[in-house]
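Novice: Okay, here's what each chain looks like letter by letter:
There are 2 protein chains.
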Amino acid sequence: MSKKTVKFGLVGAGTIGKGVVDLYKRNGNLINKNLDFNISLEKVADRDQERLQALDLEAAKLTTDAADIIDNPDIDIVIELIGGIEPARSFIARALENGKHVVTANKDMMARHGQDLIDLARENTVNLFYEASVGGAIPLIRPLKHNLIADRISRVLGIVNGTTNYIFTHMAQDNLSLDKALSEAQRLGFAESDPTNDVEGLDAAYKLVIMAQLAFGKKAEFDQVYIEGINGVTYEDISYAREIGYTIKLLAIGEDLPEGLALRVHPALVPLEHPLASVLNELNAVFIESEAAKELMFYGPGAGAMPTATAILSDVVEAARCIQGNISNGVVEKKLEETGFVPIGATEARFYLRFLVEDRAGVFASLANAFADERVSLDMIIQKRSVGDLAEVVLVTHAVKEEAFQRALSKVTEISAIKPDPSVIRLLN
Amino acid sequence: MSKKTVKFGLVGAGTIGKGVVDLYKRNGNLINKNLDFNISLEKVADRDQERLQALDLEAAKLTTDAADIIDNPDIDIVIELIGGIEPARSFIARALENGKHVVTANKDMMARHGQDLIDLARENTVNLFYEASVGGAIPLIRPLKHNLIADRISRVLGIVNGTTNYIFTHMAQDNLSLDKALSEAQRLGFAESDPTNDVEGLDAAYKLVIMAQLAFGKKAEFDQVYIEGINGVTYEDISYAREIGYTIKLLAIGEDLPEGLALRVHPALVPLEHPLASVLNELNAVFIESEAAKELMFYGPGAGAMPTATAILSDVVEAARCIQGNISNGVVEKKLEETGFVPIGATEARFYLRFLVEDRAGVFASLANAFADERVSLDMIIQKRSVGDLAEVVLVTHAVKEEAFQRALSKVTEISAIKPDPSVIRLLN
Chain A
0 MSKKTVKFGL
10 VGAGTIGKGV
20 VDLYKRNGNL
30 INKNLDFNIS
40 LEKVADRDQE
50 RLQALDLEAA
60 KLTTDAADII
70 DNPDIDIVIE
80 LIGGIEPARS
90 FIARALENGK
100 HVVTANKDMM
110 ARHGQDLIDL
120 ARENTVNLFY
130 EASVGGAIPL
140 IRPLKHNLIA
150 DRISRVLGIV
160 NGTTNYIFTH
170 MAQDNLSLDK
180 ALSEAQRLGF
190 AESDPTNDVE
200 GLDAAYKLVI
210 MAQLAFGKKA
220 EFDQVYIEGI
230 NGVTYEDISY
240 AREIGYTIKL
250 LAIGEDLPEG
260 LALRVHPALV
270 PLEHPLASVL
280 NELNAVFIES
290 EAAKELMFYG
300 PGAGAMPTAT
310 AILSDVVEAA
320 RCIQGNISNG
330 VVEKKLEETG
340 FVPIGATEAR
350 FYLRFLVEDR
360 AGVFASLANA
370 FADERVSLDM
380 IIQKRSVGDL
390 AEVVLVTHAV
400 KEEAFQRALS
410 KVTEISAIKP
420 DPSVIRLLN
Chain B
0 MSKKTVKFGL
10 VGAGTIGKGV
20 VDLYKRNGNL
30 INKNLDFNIS
40 LEKVADRDQE
50 RLQALDLEAA
60 KLTTDAADII
70 DNPDIDIVIE
80 LIGGIEPARS
90 FIARALENGK
100 HVVTANKDMM
110 ARHGQDLIDL
120 ARENTVNLFY
130 EASVGGAIPL
140 IRPLKHNLIA
150 DRISRVLGIV
160 NGTTNYIFTH
170 MAQDNLSLDK
180 ALSEAQRLGF
190 AESDPTNDVE
200 GLDAAYKLVI
210 MAQLAFGKKA
220 EFDQVYIEGI
230 NGVTYEDISY
240 AREIGYTIKL
250 LAIGEDLPEG
260 LALRVHPALV
270 PLEHPLASVL
280 NELNAVFIES
290 EAAKELMFYG
300 PGAGAMPTAT
310 AILSDVVEAA
320 RCIQGNISNG
330 VVEKKLEETG
340 FVPIGATEAR
350 FYLRFLVEDR
360 AGVFASLANA
370 FADERVSLDM
380 IIQKRSVGDL
390 AEVVLVTHAV
400 KEEAFQRALS
410 KVTEISAIKP
420 DPSVIRLLN
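Respectively, the protein sequence lines represent chains A and B.
Numbering that gives the first Met the number 0 applies: residue 0 is where the first sequence begins, and numbers increase by one.
Numbering that gives the first Met the number 0 applies: residue 0 is where the second sequence begins, and numbers increase by one.
Because the hints were derived from the structure by calculation, they are not lab data.
Incorrect hints may have been included.
The list cannot tell twin chains apart, which means a pair is met if one copy fits it or any two copies do.
Heads up, simulated DSSO-like pairs for lysine-lysine below, C-alpha to C-alpha not over 30 Å straight-line [as the list claims (entries may be wrong)]:
id : residue 1 : residue 2
1  : K334      : K144
2  : K144      : K333
3  : K333      : K2
4  : K400      : K410
5  : K334      : K24
6  : K3        : K217
7  : K383      : K60
8  : K383      : K400
9  : K144      : K6
10 : K400      : K333
11 : K418      : K400
12 : K2        : K217
13 : K334      : K32
14 : K293      : K32
15 : K2        : K24
16 : K60       : K24
17 : K32       : K217
18 : K3        : K32
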């Protein structure tokens, strides 16, 4: 009996697109050996001829017109890898309306328009697959959908941005300033020439929205994520953190609280014995806290052409299985509930605070009063180093509501002996 | 439109079986909310009436006869949780022949008869699901089957036995002997009253066979796994290991080598910076090395009623989706190749060796000659502690073929000044 063939096309032949083509060329036979059908790459579209030529495919498989894939009746599955919102969103919508399954790695689009497109897919009895949009090669979307379907997830903690994790790792290991570590990351290809999206936390926030919806089954909005980048973190902070048993990571944190979802991205002190603390360099990990399984972690490369291509091709195979099996609900997309949001001010955290202060009588009393007024109690005080005439002070608070801490902080920074711009970093609790 | 219901039955109401019933009672509605069909628990069988009563289900759902489930035409999916080889194997075979999908957590049976049962399932166009057989709640089987289908895995490293990991963790943290740590584990329910299967490495070996077949797509045999338990590891070894930057773990190691599969379970020194080093207490993790994704790790609770129940119910949902979609190849079981096996003697490792020696002239020369004869070169020598009149010596070799090391070791132990029964532990390379 000859095996049926499911045909897929690829729109966007950049780094990841080329990775998909390369991995398919290398392992396509291996994949098909294990299936009772074949998958076959029919066509690749990119506006840039040079990119197409670099794929080293026969000319008949190359096109500069995405419509040759999106509107092609011979193609069953479309991979979208052009990135950004438009024309990616319109292309995906058109492919779904044409009855094609779609595979994407587009995190900003999934964070902003994912639900509309998933609804559109359902209307057209096809599926939208996006395993590669969070965590690169790390199996994450499928485990969240399938393996944890019987569990209730309460919190998701992610190191989901490789650039910032690389920067923090090398600040700590090589005693570097943030600027030096960033330059080094750029030189080695772990940071883009314009690193804004990574360094300011936007990339992590997109991924958080996607994960939170899957984990909690509730609607999350990008605009409701509190986002703080890594620019405020210095080598001195990393060094003090280590001294008190912590490392610093940029965390994407999603919590399903009684009042609604609390979503935030910010640098955090992570206890050295927490599994997330040993996630180094450009690697990513997502830690999940739940009712029945209690704790799970998924770890691996969050980016890179080849790792991301493994996730994309696994989605192509799942889409092909849906076609073979005539199943429209192959991906078990949860029906999202509307829910409230908990603003950052209403969440609780412990805080690390480092500042320089003129060493004169009465300063500590003013400081203590500012905290006492807002009922912020201190867990730790370190003063052991001088910078010129100034004393360096590190404080760690007990758990306190964010807005109370911020009020106390305003009062503290008004004390004339305390120099402006203290370092303020939350602790993972 | 009313939703169709897929009915499942459960054979075996022990700890895990009760966990499945409890989790279904708690979260069944949540599961069904996210599906376009319902799953429904129809019947539970156990020979022990007391266990059945403890489930707190209506009497009509309870039976002491497994046939009421296996041969029941109303039941679509059978969960087997009686454990052991027989009658579990026969029950599963009969259920498959009756056209039912089967879900099992039975690792020893899957390691010994899994392939035959998977073939039998295929013949009957149904599937056998076994996510819970390795790593409890950790998504592992499904990621290996689906997410990594486009990748080539070269090595699997697992901490897959919670009892031994708990013992090693507490020997290290609380400075305990192995016996004391084992008693503590038994007291807290992390070790069984007869811990043989765990402590001697059999449990880990069963799981290794299951993982190796999935990871490499090649046939693995339980009898070809080299198995060494944890009894030879002392507190002193753990302490020395830490001093040189390692921790000790019981590892299940599978490698896909040009000459065939190399499968082994033994204690190993794991570098402290390796992600597996921070897997503590009863937790499990599986670390995967592959061509495209490079490195992935899956971490979580490897046992326990509730965690294991999440894996079982996720399998029930996948089985139900197969029934709904009329798909027989829902699980993408790889067609296993026959392959050779690499015996432990032909593998390479670095070795840690600790022994007591009479402190007299010429001993080190004899020792050095024994190693030199077999071309075993040393990376590290520590001698700093005396035990009575004897000196304690710790050596670490460079990478060497196992059989050459064993020959050298025989010669070393023949030296009269060296006391018998040295500690010998491989390093993870």
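Novice: A separate judgement is required for each hint: does it hold in the structure or not?
Specialist: Verification of the hints:
| no. | hint | verdict |
| --- | --- | --- |
| 1 | K334 / K144 | both (12 Å within a copy, 26 Å between copies) |
| 2 | K144 / K333 | both (8 Å within a copy, 22 Å between copies) |
| 3 | K333 / K2 | between (33 Å within a copy, 16 Å between copies) |
| 4 | K400 / K410 | within (16 Å within a copy, 67 Å between copies) |
| 5 | K334 / K24 | between (37 Å within a copy, 21 Å between copies) |
| 6 | K3 / K217 | between (38 Å within a copy, 25 Å between copies) |
| 7 | K383 / K60 | neither (67 Å within a copy, 69 Å between copies) |
| 8 | K383 / K400 | within (28 Å within a copy, 53 Å between copies) |
| 9 | K144 / K6 | both (25 Å within a copy, 21 Å between copies) |
| 10 | K400 / K333 | neither (32 Å within a copy, 52 Å between copies) |
| 11 | K418 / K400 | within (24 Å within a copy, 62 Å between copies) |
| 12 | K2 / K217 | between (40 Å within a copy, 22 Å between copies) |
| 13 | K334 / K32 | between (35 Å within a copy, 8 Å between copies) |
| 14 | K293 / K32 | between (37 Å within a copy, 22 Å between copies) |
| 15 | K2 / K24 | within (19 Å within a copy, 42 Å between copies) |
| 16 | K60 / K24 | within (13 Å within a copy, 53 Å between copies) |
| 17 | K32 / K217 | between (39 Å within a copy, 13 Å between copies) |
| 18 | K3 / K32 | within (13 Å within a copy, 34 Å between copies) |
Comparing the model with each earlier hint shows violations of hints 7, 10; every other hint is respected.
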